[in-house]
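Please model the complete structure; the sequences and the hints are all you need to start from.
Following the numbering used here, the numbering of the sequence shown begins with 17 at its first residue and continues without gaps.
Worth flagging that the hints you see were computed from the coordinates, not collected in a lab. Quantities reported herein were computed from a predicted structural model and do not represent experimental measurements. Worth double-checking, as some hints may not be accurate.
Taking lysine-lysine pairs in the DSSO-like style, the calculated list, with each CA pair at most 30 angstroms apart, reads [unchecked claim]:
1. LYS123 to LYS71
2. LYS156 to LYS221
3. LYS112 to LYS36
4. LYS135 to LYS123
5. LYS221 to LYS135
6. LYS149 to LYS135
7. LYS214 to LYS36
8. LYS112 to LYS123
9. LYS209 to LYS36
10. LYS30 to LYS123
11. LYS209 to LYS221
12. LYS135 to LYS98
13. LYS84 to LYS33
14. LYS269 to LYS149
15. LYS112 to LYS221
16. LYS71 to LYS214
17. LYS98 to LYS156
18. LYS221 to LYS71
19. LYS98 to LYS214
20. LYS123 to LYS214
21. LYS135 to LYS214
22. LYS247 to LYS269
23. LYS36 to LYS221
24. LYS214 to LYS247
25. LYS156 to LYS269
26. LYS221 to LYS30
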Amino acid sequence: MHEFNPVLRNIFLKQEKRLKDHFRPGVSNVDIQLQDQVINIRRSEFFQFPCFWVKSPERALYPVSWMKTNDVSHPVRYNPGKNALLYERYIYEIDKTVTFRVIDPGKDLAVFSSWHNNKRVSVYWELEGSVDKHREYIEKNLADPHLIPVIMEINGEPAGYFEFYWTKEDRLGPYYDSHDYDRGFHFLIGNRKFLGIKNTDAALKCVVHYLFLDDPRTIKIMAEPRWDNQKVLQYVDSFPVWRRIKEFDFPHKRAVLLECTRERLFVGEHL
Numbered sequence: 017m018h019e020f021n022p023v024l025r026n027i028f029l030k031q032e033k034r035l036k037d038h039f040r041p042g043v044s045n046v047d048i049q050l051q052d053q054v055i056n057i058r059r060s061e062f063f064q065f066p067c068f069w070v071k072s073p074e075r076a077l078y079p080v081s082w083m084k085t086n087d088v089s090h091p092v093r094y095n096p097g098k099n100a101l102l103y104e105r106y107i108y109e110i111d112k113t114v115t116f117r118v119i120d121p122g123k124d125l126a127v128f129s130s131w132h133n134n135k136r137v138s139v140y141w142e143l144e145g146s147v148d149k150h151r152e153y154i155e156k157n158l159a160d161p162h163l164i165p166v167i168m169e170i171n172g173e174p175a176g177y178f179e180f181y182w183t184k185e186d187r188l189g190p191y192y193d194s195h196d197y198d199r200g201f202h203f204l205i206g207n208r209k210f211l212g213i214k215n216t217d218a219a220l221k222c223v224v225h226y227l228f229l230d231d232p233r234t235i236k237i238m239a240e241p242r243w244d245n246q247k248v249l250q251y252v253d254s255f256p257v258w259r260r261i262k263e264f265d266f267p268h269k270r271a272v273l274l275e276c277t278r279e280r281l282f283v284g285e286h287l
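Below you can see the structure in the form of structure tokens.
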């Protein structure tokens, strides 16, 4: 890995279009001519440059301070406001652009409610109910500092709902050796138009990509689908960045603990 100095950073910023056009599926590296030297940029370096993908304003890392939630010590979290654009990426494999933005009940409540009243979704989420119930659920999540509720759009059309969370203070935290910056997520694809393995693969690759870029201190991303959610488990078994850790019992469900590491994601050509 190159020492990431200001000169190399400027190369990335000035070459954004060229690099994005070049790093199509299967492309491992590119040479950039710089005056009297050639700099080789690897695929793993390209996909770790957050300015290309993370759309909220770049910020220096907050100094770490700690607080307690339910007797669990964890870093203070700083979450974006509603409707904030978090991430955007064009996916060659599906010829579509995937974006994540924080949910805004003023514009997203109707579609969120319709998704959760669909039996395909409600069998796993168990959130059937009225619009008022769903508004309360969204507002509660927006006020929760350990969780970011997100709408995924594909080509500008609402496609799914995600919850990105910090595992340390989440209900998952006590079930494994959780670290301060581990992340996790729940998701649903609500729009039938975007079902299918290719769209799901694109969405879930974008999720782990975003979560690792959002904070460089995040080393692991965890998930805990229901043990009988065979579609999700078959997918993760086919994607080598994920590992099954164990089956375990929450009070409300039996789950499978899954782990994705930063190294496994970026070292291969998975993105």
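These are the hints, each one checked on the structure:
1. For the given pair, LYS123 sits about 20 angstroms from LYS71 by alpha-carbon distance, which is consistent with the 30 angstroms threshold.
2. Only pairs whose Cα atoms come within 30 angstroms are accepted, and LYS156 paired with LYS221 is accepted, the gap being roughly 27 angstroms.
3. Of the supplied pair hints, the one linking LYS112 and LYS36 holds, its CA atoms being roughly 14 angstroms apart against a limit of 30 angstroms.
4. Between LYS135 and LYS123, the direct Cα distance comes to roughly 23 angstroms. Compliance with the 30 angstroms bound is thereby established for this hinted pair.
5. Simply put, LYS221 and LYS135 have alpha-carbon atoms about 26 angstroms apart, close enough for the 30 angstroms limit, and the pair holds.
6. For the proposed pair LYS149 and LYS135, the alpha carbon gap of about 17 angstroms is at most 30 angstroms, so the pair holds.
7. Distance hint between LYS214 and LYS36 is fulfilled; the C-alpha atoms sit about 20 angstroms from each other, no more than 30 angstroms.
8. Between the alpha carbons of LYS112 and LYS123 the distance comes to roughly 22 angstroms, so the proposed pair stays at or under 30 angstroms and holds.
9. About 27 angstroms separates the Cα atoms of LYS209 and LYS36, which keeps this hinted pair within 30 angstroms; it holds.
10. With a C-alpha separation of about 36 angstroms, the suggested pairing of LYS30 with LYS123 is violated against the 30 angstroms cut-off.
11. Our distance criterion of 30 angstroms between C-alpha atoms is met by LYS209 and LYS221, whose separation comes to about 19 angstroms.
12. Only pairs whose Cα atoms come within 30 angstroms are accepted, and LYS135 paired with LYS98 is accepted, the gap being roughly 27 angstroms.
13. Distance check on the hinted pair: LYS84 and LYS33 sit about 44 angstroms apart at the alpha-carbon level, beyond 30 angstroms; violated.
14. Pair hint LYS269 plus LYS149 holds up; C-alpha atoms about 22 angstroms apart against a cutoff of 30 angstroms.
15. Proximity of LYS112 to LYS221 is assessed by CA-CA distance (about 14 angstroms); at most 30 angstroms being required, the pair is judged to hold.
16. The suggested pairing of LYS71 with LYS214 holds, with an alpha-carbon distance near 24 angstroms, which does not exceed 30 angstroms.
17. A C-alpha spacing of about 12 angstroms is found between LYS98 and LYS156, which places the hinted pair at or below 30 angstroms, so the restraint holds.
18. The hinted pair formed by LYS221 and LYS71 meets the criterion: a straight-line CA distance of about 17 angstroms does not exceed 30 angstroms.
19. Between LYS98 and LYS214 the CA atoms are separated by roughly 29 angstroms; this keeps the pair inside 30 angstroms, and the hint holds.
20. With a CA separation close to 27 angstroms, the supplied pair LYS123 and LYS214 stays within the 30 angstroms bound.
21. Distance check on the hinted pair: LYS135 and LYS214 sit about 23 angstroms apart at the alpha-carbon level, within 30 angstroms; holds.
22. The straight-line distance between the Cα atoms of LYS247 and LYS269 is roughly 17 angstroms, inside the 30 angstroms bound, and the hint therefore holds.
23. As the CA atoms of LYS36 and LYS221 are separated by approximately 17 angstroms, the hinted pair is consistent with the 30 angstroms bound.
24. Taking the CA atoms of LYS214 and LYS247, the gap is about 13 angstroms. The hint holds against a cut of 30 angstroms.
25. Only pairs whose Cα atoms come within 30 angstroms are accepted, and LYS156 paired with LYS269 is accepted, the gap being roughly 22 angstroms.
26. With a C-alpha separation of about 26 angstroms, the suggested pairing of LYS221 with LYS30 holds against the 30 angstroms cut-off.
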